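Chemist: Throw the hints in and build the complete structure from the sequences for me.
These protein sequence lines map, in sequence, to chains V and A. Residue numbering for the first sequence follows my numbering, beginning at 1 and increasing consecutively. Residue numbering for the second sequence follows my numbering, beginning at 1001 and increasing consecutively.
What the hints contain is simulated information worked out from the structure, not anything from laboratory work. Treat the hints with care, since some could be wrong.
[Said to hold, decoys possible] Calculated Cβ distances over 12 Å to all of chain A for the following chain V residues:
1. 19
2. 29
3. 39
4. 46
5. 62
6. 88
7. 89
8. 99
9. 114
10. 115
11. 128
[Stated by the list, open to error] Which residues of chain A face chain V? A few of them, derived with a C-beta cut under 8 Å, are:
12. 1017
13. 1021
14. 1040
15. 1126
16. 1128
17. 1135
18. 1138
19. 1192
On a predicted model such as this, the values are computed, not experimentally measured, just so you know. Cβ atoms here follow ideal geometry from the backbone N, Cα and C, with glycine treated the same way.
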Amino acid sequence: MSELLKNTIRFILFILVQVFILSKMPHLHRFITPYLYFLYILWLPFSLSRAGLTFVGFFFGLCLDYFTKTPGLHAAACTLIAYVRPFVIGLLISQEGADKNYIAPSFVSMGWAPYATYVVVLTLLHHTYLVLLEWMNFGSFIYFVGKIIASTAVSLLLILLTELLFFRKQKFRTNTI
Amino acid sequence: MRNVFVFIRRHFNFLFFLVLQIIALSFLFRFNKFHEAAFLNVSTEVTGRINERYNNIEYYFQLKKTNESLVQENLRLRQLLKENYEGPDSARRLIYDTIKVDSGRTILKYKILEAKVVSNSTSGPANYLTIHRGFDQGVRPNMGVTGPQGIVGSVINVSKNFATVQSMLHYQFGVVAKLKNSNETGNINWDGQSPQYVIMKRISKSVKVEKGDTVLTTQISSLFPANLMVGTVAEIIPDNSSSFYTLRVKTATNFSTIEYVYVLDNLQYDEQKKLEDSTRKKIQ
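Modeler: Here you go:
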């Protein structure tokens, strides 16, 4: 399957899962909103240019926004993490040329610790920006901090489960540089 | 000039990011203020169709509850039939006259349109419902929406066949309501804590309130006719710094299982609004 087709299917699936499963879940607590959809941006291939990545992030967020009736909220947060992503990868990648030898960021291509850091940093960034935008309209400081922490914890748990359930095989490609 | 192009070229990624951020934030702030955004009409139509597909399946799992709530409502309405009201003596007979015609002129105020809920959320701080009835079927923004058990929210956006309803569980929603026993009015808002409770503010401490008291709509609000159910008082919170109570009200509507709603078309809304606006202009 080509990368483009794979990512298009992922695009649709992530939005459907977020809208029809995670958002339909019974209310647990006002601090907890289970978010998983932005994992799509973390899974995008290395080869995408930075402008392309930013645009995909914006478009992906906006598509979700029209379902949740919050135009611009998720788009802003997704644009931010899509823009920051290359910097974080550049800092964390351990082997020389791993971003050329593998297709996308994963446990295999980046190694356990760097990949986990990459996920935690971007998740925290996404949630902080998202809740900050919500907080500007209403809520207290406790709501702001509590929601970031609780939602990040739930998101990380969901990401871990997804990574374990849908293990992405990554082939080592040589002679690509 | 050349330097400008060099600058744009060098920082293209960052500038592109900034432009997208500004677009996204302008969408967001515009929507929060005026409930409008670019492509919102088209997208409501598209997401409405997808939600409808999903709802077709989900609907079967809720059939029992939907049926129960409709039977309950029928029971309540049957109780109001005029045949149920009869004193033992014909001299004291009480008749409810339902023909509201005054010298050939109709004085109907609220026209009721039924609608199916195709999408519904309760988990966020800003919750919306999508209903399968839109502009072509007579829905306009600023119409009240009620369910079989109690009020639900108000219409904020309309596309051709679908409409978006701002639920009572939204931080911007507000409606005037009264306590049934004392006729005391107060504002209903949502504090975002739990989808089962809303807050009623500014009830004077001189009023006698008890747990379980009924909260109803008033005719002051142009969204709803009087005496629709809002909820029941669940908790009375005395505010020590003022002479008002804050009440926690359990909503009559169960927002997680709602399948059918009624849209209330206030036929006299335009006239009332026009008068109020012109009065405001005169005062200024």
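Chemist: Can you name, in rising order, the numbers of the hints this structure does not satisfy?
Modeler: 1, 2, 5, 17, 18
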